[in-house]
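**Q** Chain residues, written in single-letter form:
There are 2 protein chains.
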Amino acid sequence: MTSKNPTTISIPEGLPFIDITREFDAPKDAVRRACLDRDLVKQWLGPHGYEMAVEEWNGESGGGYRYTHRDPEGNAYGFKGVFHSVDDDMLVQTFEFDGWPGHVSLESVTFEELGDGRTRIHNHSVYQSVDDRDGMAQSGMEKGINEGYERLDELLASSSRQ
Amino acid sequence: MTSKNPTTISIPEGLPFIDITREFDAPKDAVRRACLDRDLVKQWLGPHGYEMAVEEWNGESGGGYRYTHRDPEGNAYGFKGVFHSVDDDMLVQTFEFDGWPGHVSLESVTFEELGDGRTRIHNHSVYQSVDDRDGMAQSGMEKGINEGYERLDELLASSSRQ
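Chains as they are written, first to last, in the numbering used here: chain S, 343 to 504; chain C, 343 to 504.
Worth flagging that the hints you see were computed from the coordinates, not collected in a lab. Even for Gly, the Cβ is constructed at its ideal location relative to N, Cα and C. Heads up, none of these hints are tricks.
Taking beta-carbon pairs under 10 Å as the criterion, some of the chain C residues facing chain S (in silico): (1) S403; (2) G444; (3) V446; (4) Y469.
Cβ-Cβ distance ranges computed for the label pairs, FRET-style: (5) D361/S - P443/C: 17 to 23 Å; (6) E397/S - K485/C: 41 to 47 Å; (7) T410/S - E496/C: 43 to 49 Å; (8) D440/C - T410/S: 31 to 37 Å; (9) Q480/S - Y419/C: 39 to 45 Å; (10) P348/C - P443/S: 30 to 36 Å; (11) Y419/C - D440/S: 33 to 39 Å; (12) G482/S - N400/C: 31 to 37 Å; (13) D379/S - D371/C: 39 to 45 Å; (14) D473/C - R412/S: 39 to 45 Å; (15) N347/C - R380/S: 42 to 48 Å.
Covered stretches of chain S, going by a simulated chain C footprint (3 or more residues, C-beta under 8 Å): (16) 346-358; (17) 414-425; (18) 446-452; (19) 464-478.
Please build the complete structure, drawing on both the sequences and the hints.
**A** In structure tokens form, the structure reads like this:
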């Protein structure tokens, strides 16, 4: 499925940032909840065909998370971090891939109500070096993000039909 | 008191980083403990003449902190963050000043044993934009860091005499 809501990924030359912007056909509260609720996150985060096991999830300021993605071949990829702050319009969290220990990034995710039941997510990630950022950009993350957001489209559409 | 251990602060042009390097005349465990133990941190963090009230301090992976500095005139400055990870050689934490809400940085602090009872701290801070970094660099932070580390010199010296 190709979404009618394209994902914009910006990887600025010489700066340790990745910026991702995506719109969704759902109200802000629904999109925000899907990013913070343990049982909803596991239904969409990650590429098509992956299973997500959530070992820890406390989606509030000062909370933490730890989860494992398993691809269709059974390979496991662990991730962990802490939530610095969780507000109505923004969350700020750290992110570390177990396969690349010691390389930590800081993500801020903003939820913007667009009206007509639509919402824009903007994710600004900051890396500890431009090399770290380049490593992430070349890791295949684009596929994970695009497919994850397609799954989130489906989850939001199915929730709104219930 | 001018320390014989100079503090090196690097503010690279066009990159959202601040790097601080400082050596101490104390073993790694003592320096690390002084950075993580609630009762020790409040004895040295911040400029000369400031009082530090610690409202929250849990210096372990997944923990958080919140404290208030009071200058000699009684002005209060609050800070908060979470510890992403705390290991023997490194800690990674977030940092936010209450007076500049929504501007969060990610600090990694490395403790390096130099032998002869000496230790090097390296603090690498990453900001969400170059503007944020410039704002921090122009905030008077240099005085706070230099004087805080001088107070840490004194604390480590007095601890080693006990």
